[in-house]
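Peer 1: Each chain, letter by letter, is given below.
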Amino acid sequence: MISVSDQFPPTNKPSESVTGVTVRLAGDSGDGMQLLGTQLTNTSALSGNDVATFPDFPAEIRAPIGTRAGVSGFQVRFSSEDIFTPGDGLDALICMNPAALVTNLQDLKKTGILIVNTDNFDKKGFKLAKLDTNPLEDGTVEGYRTIEVPMSTLTRGAVEKTGLSSKLADRCKNFFAMGLVFWLYGRDVEPTLRFIEAKFSKKPEIAEANRLALKSGWAYGETTEAFASTYQVAAAKLPPGKYRNVMGNQALAWGLIAAAKLSDKELFLGSYPITPASDILHELSKHKNFGVRTFQAEDEIAAVCSTIGAAFGGSMAITTSSGPGIALKGEGMGLGMILELPMLIIDVQRGGPSTGLPTKTEQSDLLMAMHGRNGESPLPIIAARSPADCFQTAIEAWQVATRYMTPVMILSDGYIANGAEPWKIPDVSDLPEIKIEHPGPNENGEPFHPYTRNENLARPWAIPGTKGLMHRVGGLEKKDGSGEVSYDPDNHQHMVETRAKKVQMAADFIGPAEVFGKDSGTLVISWGGTYGACHTAVEQCISQGVDVGHVHLRWINPFPKNLGEVIAKYDRVLVPELNNGQLRLLLKNEFVIDAIGLNKIKGKPFHVSELMEKIHEVSAAATV
Amino acid sequence: MNLPVLKAKDFESDQDVRWCPGCGDYSILAQMKKVLPEIGATQEGTVFISGIGCSSRFPYYMNTYGMHSIHGRAPAFATGLKSTRPDLSVWVITGDGDALSIGGNHFMHMLRRNIDLNVVLFNNSIYGLTKGQYSPTSKVGSVTKSTPRGSIDYPLNPISIAIAAEATFVARSIDTNIKHLVATLKRAAEHKGTSFVEVYQNCNVFNDGTWDYAKNKDTKADCTVELEHGKPLIFSGGTKGIRLNGFQPEVVKLDGNVAQDDLLFHDEKAASPQLAFLLSRMRHPEFPEPIGVFRDVQRDTYDDMINAQVADAKAEKKDGDLASLFAGGETWTVE
Ligand SMILES: Cc1ncc(C[n+]2csc(CCOP(=O)(O)OP(=O)(O)O)c2C)c(N)n1
Ligand code: SF4
Ligand SMILES: [Mg+2]
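Those sequence lines, one after another, are chains A and B.
Note that our numbering has the first sequence beginning at 14, numbered continuously upward.
Note that our numbering has the second sequence beginning at 1090, numbered continuously upward.
Some hints here could point you the wrong way.
[Said to hold, decoys possible] One side only, chain B facing chain A, incomplete, derived with CB under 7 angstroms:
(1) D1105
(2) V1136
(3) Y1149
(4) T1153
(5) Y1154
(6) L1170
(7) R1174
(8) G1193
(9) S1325
(10) G1326
(11) T1420
(12) W1421
(13) E1424
[Claimed, not checked] Pairs of lysine to aspartate or glutamate, EDC-like flavour, derived with a Cα cap of 16 angstroms:
(14) A/K278 x B/D1408
(15) B/K1122 x B/E1133
(16) A/K299 x B/D1401
(17) B/K1329 x B/E1315
(18) A/K437 x A/E210
(19) A/K437 x B/E1424
(20) B/K1342 x B/D1311
(21) B/K1403 x A/E279
(22) A/K212 x B/E1405
(23) A/K514 x A/D493
(24) B/K1304 x B/E1317
(25) A/K255 x B/D1103
(26) A/K180 x A/D145
(27) A/K278 x B/E1405
(28) B/K1281 x B/E1255
(29) A/K299 x B/D1408
(30) A/K480 x B/D1242
(31) A/K480 x B/D1099
(32) A/K492 x A/D503
(33) B/K1228 x B/D1242
(34) B/K1228 x B/E1375
(35) A/K299 x B/D1099
(36) A/K492 x B/D1103
(37) A/K299 x B/E1405
(38) A/K228 x A/E173
(39) A/K250 x B/E1405
(40) B/K1329 x B/D1297
None of these hints come from the bench; they were simulated from the model.
By construction, the Cβ of each residue, glycine as well, lies at the ideal position given by its N, Cα and C atoms.
Chain B with its partners taken away, still in its complex shape:
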């Protein structure tokens, strides 16, 4: 049988995209449209659910089912949908404010439940839609509309949070690193359970250049390290590596005095999350920031289990019958 082959274009809705010219969101949208046909997704079997924010306009631009919900709550909508419709492929699109500020609670519970969702967090370290206030991922001292003297609250690290919340799939990518982003989204889609992908996204209007170190040709090799399962952490064009010194990672020069075997080897399948957590703590400028898959392990999914309980109950007690439900227990008859 010849299945009709979908193209990226088939996933494009008829709506005009309304992000600012130059916004990093465009690239993520383009890569998503590319990924979906490659993973065999269908238009009708795919649902995008978002919260509120610039990033959360995403579902309008996809020719799939979609819901632009309310601020911070996309994980909850997606949970209700996926629990009742496990046949659908459900994506959650969120921002750093949406997921980690107003939606922090839902974000955490979605991850620990391990519902089979794919979550993409567009991290621009700013509130874009409300025109430029600092966000939970903004660095201390960020001068924004609401923090003229610099922000004073310590930022959250999305990857660390996800790992601490028992996430089974955690990855990071970059809006303009097209190949890497495509590969990462595919991996996320393949994973069964909640897949969490943080994407460094540039808001060229309110927080331009915040990820430049990780994106620019001249600096990215030195400022990022690509994670590969089973491989040592090597970066800067093969000239530097990461080695463990006790519990601490350290940058070492690969100048012949360090053996490859002494470097830290990545293991995304490690049962315990320690290594993934340690990697998540490597931040610019002290360390190159890891991109790629931090963690990819298997655990039963909430949607499978909730449906299994229904199936088991039906098998054990037979399909519910109203008359016997009502007549169960003590009854009496009035003549």
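If we strip away everything but chain A, and leave its shape as in the complex, we get:
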């Protein structure tokens, strides 16, 4: 048997050591760029790099081939340092067609490498991309190190001996591209070979063709004179432990499963498919052996209502959606809130309003999460800050929900949901036990009072089937204690205030805000998926001598108790958000401060450079 190193020999070319690399793979939706990107990510993580990814794909499943609308991209950054974002500028851009080139070139660094599949650079390709001239010849790519590779032709040649039709052979070209990229960065091909083996186990000829294409891409790099050298990225110094890669939605699903286990509950999910939340439904539905029941409802209203039904029955109940679905759930969420039953409502945000930008990221549902229900109906809100953080977020949310007997909202976003990063696998015995008590049977014949409260103002979670605890709950205002329907004016005021107070009391659980960096000058306050970019920008600004600190909020309702004190130490507050200033409005309301906003509403995450520029600007403006 031929060994892997015989087939994929290490390079004889010089190898340059770099701290990190940002690569974007761009092609047609059907070109397999997401697969290529995922392989590159996993391989890099396995070799010990820190990684961060940013998949970016069109909303249409099969947008017209070759058009700009059909371009699908996957950005991955791997580094020997601890990184928090998938990178601003690209070190390498791989383009499978002209449309991919013209829509992505602006992000390539001037020093970057551009690799193109020239086979698609023909009249037809230009026309589909709405180009009058060949961008490789008309000056568009001038100044870039451009490497032209006839990938389709070379792939066809490489897989010829398998006898595959040219249509099927063409499909292997992403593996050719992968071979080339893997060679360029000295990546290990073994995980990908294992992947091919497993994925195409039922189609050995396809598996063989993909292996051949991969090998051919690798060999091409070594033989072509276009590449003078390769690059090496050493392993990162991450805290010791066992690691794996996780995507945000996967980590969230696992966090939910863990929370159910830790609280000795069976998990119920009521959900209606919607991008970018569906993967949580998909993931949970795979784990029925954990006592997981998933219900694909007829709409989001049924989804949230089934969730409330399951919560009433004593399950750990969850509903997942994105903005449009959360809008539909509003009335149900209000009922969950007034029933004072624990449940989790998850909003994986996407570009809005209305259908908006389904596959793009945004943070524009914060005010809906805060206020999007009729009547006075506050809910605790926690926002995950990174793909791996989704795990911890789910556990904490369930702790608060059960401790205070209230629905809790979890905010994630498309960027976190589909992004991946290494996750230090926790020791299960280190995870918190979540104690839940249900009152036991009552034999004394007295009517049960479901709205009596403990020191956390939580009511008892009495579940059907328990003798003597029969009670009725509903959306009508109820008398505190007995739970009877009550129209009494003072009772209503009391109940509204009690439910609000309960949410505020959760501040005891969530702990104080932690400050990173300086404690004077400019304070950056961020929330959700912008954590990585904000943290990196603040860190770099500090190294450049700027007086700046950073608070990242995971819990947004309630705010940490010390947030006001923290804010008071600074001369100014900068709130960067992927919306039109929603957290800024909440901060203004709570602390009467005029924070400065940096608001990007383009369906894309922040670049570190944009944030640094703004931090410099506001800090400098203040010193003159």
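Starting from the structure of chain A, add chain B with the ligands where the hints point.
Peer 2: Same frame as chain A, but now just chain B with the ligands:
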């Protein structure tokens, strides 16, 4: 062992009933309280879930577990509860507006899923709680608060809808026909799968007398026909029957010229829903309206199947273990 025997009174909650005096809802409540002990229900093992409407206040009056939810969505709450707690006996109480207007979507999906719920639709052909607007079951031309010149939308037929939505148990009864209502509720409770019962209910405040033809001593024999499995459709004190003429039912006089065997025989167990659907189309005044069980067939229930999948997964893959879940797939170690 001597089990304590519950009485109707044991199912009565301590809340004052707040329906208008004379409302048909009182009778349905009374019959339900009678039925529960007879079917061996327990207080703690029974849950009533309702939407919004006069009828949906029902759970407050029962000494069982209950949820007065939001308008039209009771089937969804009940689905979440029954899927996770198949041990409970779950009833859904709804109105004609609640089930067929705002809740039409959930109503349909509950039926096709065949979740083991008992659903009682209080059909008064009016929006009672909002003080008298026409409903999806109001006849064309109904003059109500919101239709001073008469309603113009064509009504839905709840039984036809239920059959078309793949319901496995479909029945109709009448609020004041006490014996029939008790028997029908019992049948509904016995059926495994979604049992749907439409009850003609009088709203004496906003739509008084709408079902009089089916309730009054003088007219009911002529205007209703009681369905009995395996028996011919005979009504009007045995003087009239229903016969099929091609695909059409027709009323025939039983004056000696028609043999009983030529009449339409009811078959609630028929695998195909055609007969039940045909019966559901017999409406007053052209036909006597059938009361009783239109359809009673067996199909796997959603709650059984969702729980079977969990049990199978546990048997196949063992009870979930977090550590092996996390460590599945590619991992690496940082020293
Ligand atoms: C979302 C929502 N929309 C409207 C209402 C107002 N509303 C309450 S009950 C009802 C109609 C009830 O009619 P029906 O279901 O026939 O019940 P009935 O009162 O006749 O028993 C309406 C429109 C509501 N409570 N919630
Ligand atoms: S309004 Fe009609 S349906 Fe409602 S309680 Fe009064 S009589 Fe009954
Ligand atoms: Mg009604």
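Peer 1: So, for every hint listed, does it hold in this structure?
Peer 2: Here is how each hint holds up against the structure:
At a threshold of 7 angstroms, the smallest CB-CB gap from B/D1105 to chain A is about 10 angstroms, leaving the interface hint violated. This hint holds: B/V1136 has a C-beta 5 angstroms from the nearest C-beta of chain A, less than the 7 angstroms allowed. A cut of 7 angstroms between beta carbons decides the hint on B/Y1149: the least distance to chain A is about 5 angstroms, and the hint holds. Annotation: interface hint on B/T1153 holds; nearest CB of chain A at approximately 6 angstroms, less than 7 angstroms.
A hinted interface residue such as B/Y1154 counts as satisfied when its beta carbon comes closer than 7 angstroms to some beta carbon of chain A; here the least separation is about 4 angstroms, so the hint holds. For B/L1170, the suggested interface contact is upheld, since its CB lies about 4 angstroms from the closest CB of chain A, less than 7 angstroms. Residue-level restraint check for B/R1174 holds (minimum Cβ-Cβ distance to chain A is 4 angstroms; threshold 7 angstroms). For B/G1193, the interface hint is violated, since its Cβ never comes within 7 angstroms of a Cβ in chain A; the closest pair sits about 11 angstroms apart.
With its C-beta approaching chain A no nearer than about 43 angstroms, B/S1325 sits outside the 7 angstroms limit, and its interface hint is violated. At a threshold of 7 angstroms, the smallest CB-CB gap from B/G1326 to chain A is about 44 angstroms, leaving the interface hint violated. Restraint check, B/T1420 versus chain A: the minimum CB separation of about 4 angstroms is within 7 angstroms; hint holds. For B/W1421, the interface hint holds, since its Cβ comes within 7 angstroms of a Cβ in chain A; the closest pair sits about 5 angstroms apart.
Residue-level restraint check for B/E1424 holds (minimum Cβ-Cβ distance to chain A is 6 angstroms; threshold 7 angstroms). Proximity of A/K278 to B/D1408 is assessed by CA-CA distance (about 13 angstroms); at most 16 angstroms being required, the pair is judged to hold. Straight-line distance between C-alpha atoms of B/K1122 and B/E1133 comes to about 14 angstroms, which keeps the hinted pair within the 16 angstroms bound. Between A/K299 and B/D1401, the direct Cα distance comes to roughly 12 angstroms. Compliance with the 16 angstroms bound is thereby established for this hinted pair.
Taken as a hint, the B/K1329 and B/E1315 pair is honoured in the structure, with Cα atoms around 12 angstroms apart against an allowance of 16 angstroms. Pair hint A/K437 plus A/E210 does not hold up; C-alpha atoms about 27 angstroms apart against a cutoff of 16 angstroms. Distance check on the hinted pair: A/K437 and B/E1424 sit about 12 angstroms apart at the alpha-carbon level, within 16 angstroms; holds. Of the pairs offered as hints, the one joining B/K1342 and B/D1311 holds, with about 12 angstroms between alpha carbons and a cut-off of 16 angstroms not exceeded.
At most 16 angstroms may separate the alpha-carbon atoms for a hinted pair to count; B/K1403 and A/E279 meet this at roughly 13 angstroms. The suggested pairing of A/K212 with B/E1405 is violated, with an alpha-carbon distance near 22 angstroms, which exceeds 16 angstroms. Restraint check for A/K514 and A/D493: the C-alpha separation of about 14 angstroms stays at or below 16 angstroms, so the hint holds. Restraint check for B/K1304 and B/E1317: the C-alpha separation of about 19 angstroms exceeds 16 angstroms, so the hint is violated.
Distance restraint check for A/K255 and B/D1103: the Cα-Cα separation of roughly 59 angstroms exceeds the 16 angstroms cut-off, and the hinted pair is therefore not satisfied. In summary, the hint linking A/K180 to A/D145 is not supported, as the alpha carbons are separated by about 28 angstroms, beyond the 16 angstroms threshold. Only pairs whose Cα atoms come within 16 angstroms are accepted, and A/K278 paired with B/E1405 is rejected, the gap being roughly 20 angstroms. For the suggested pair B/K1281 and B/E1255, the alpha carbons sit about 14 angstroms apart, so the restraint of at most 16 angstroms is met.
For the proposed pair A/K299 and B/D1408, the alpha carbon gap of about 13 angstroms is at most 16 angstroms, so the pair holds. Between A/K480 and B/D1242 the alpha-carbon distance is near 48 angstroms, which puts this suggested pair outside the 16 angstroms criterion. A threshold of 16 angstroms between alpha carbons decides the hint, and for A/K480 with B/D1099 the separation of about 13 angstroms falls inside it, so the pair holds. Taking the CA atoms of A/K492 and A/D503, the gap is about 10 angstroms. The hint holds against a cut of 16 angstroms.
A distance of roughly 8 angstroms separates the Cα atoms of B/K1228 and B/D1242; the hinted pair therefore holds under the 16 angstroms criterion. The suggested pairing of B/K1228 with B/E1375 holds, with an alpha-carbon distance near 15 angstroms, which does not exceed 16 angstroms. With a CA separation close to 44 angstroms, the supplied pair A/K299 and B/D1099 exceeds the 16 angstroms bound. Restraint check for A/K492 and B/D1103: the C-alpha separation of about 15 angstroms stays at or below 16 angstroms, so the hint holds.
Only pairs whose Cα atoms come within 16 angstroms are accepted, and A/K299 paired with B/E1405 is accepted, the gap being roughly 13 angstroms. Pair hint A/K228 plus A/E173 holds up; C-alpha atoms about 14 angstroms apart against a cutoff of 16 angstroms. Restraint check: the Cα-Cα separation between A/K250 and B/E1405 comes to about 40 angstroms, which exceeds 16 angstroms; the hinted pair is violated. Distance restraint check for B/K1329 and B/D1297: the Cα-Cα separation of roughly 29 angstroms exceeds the 16 angstroms cut-off, and the hinted pair is therefore not satisfied.
Of the hints listed earlier, those the structure fails to meet are numbers 1, 8, 9, 10, 18, 22, 24, 25, 26, 27, 30, 35, 39, 40, in rising order.
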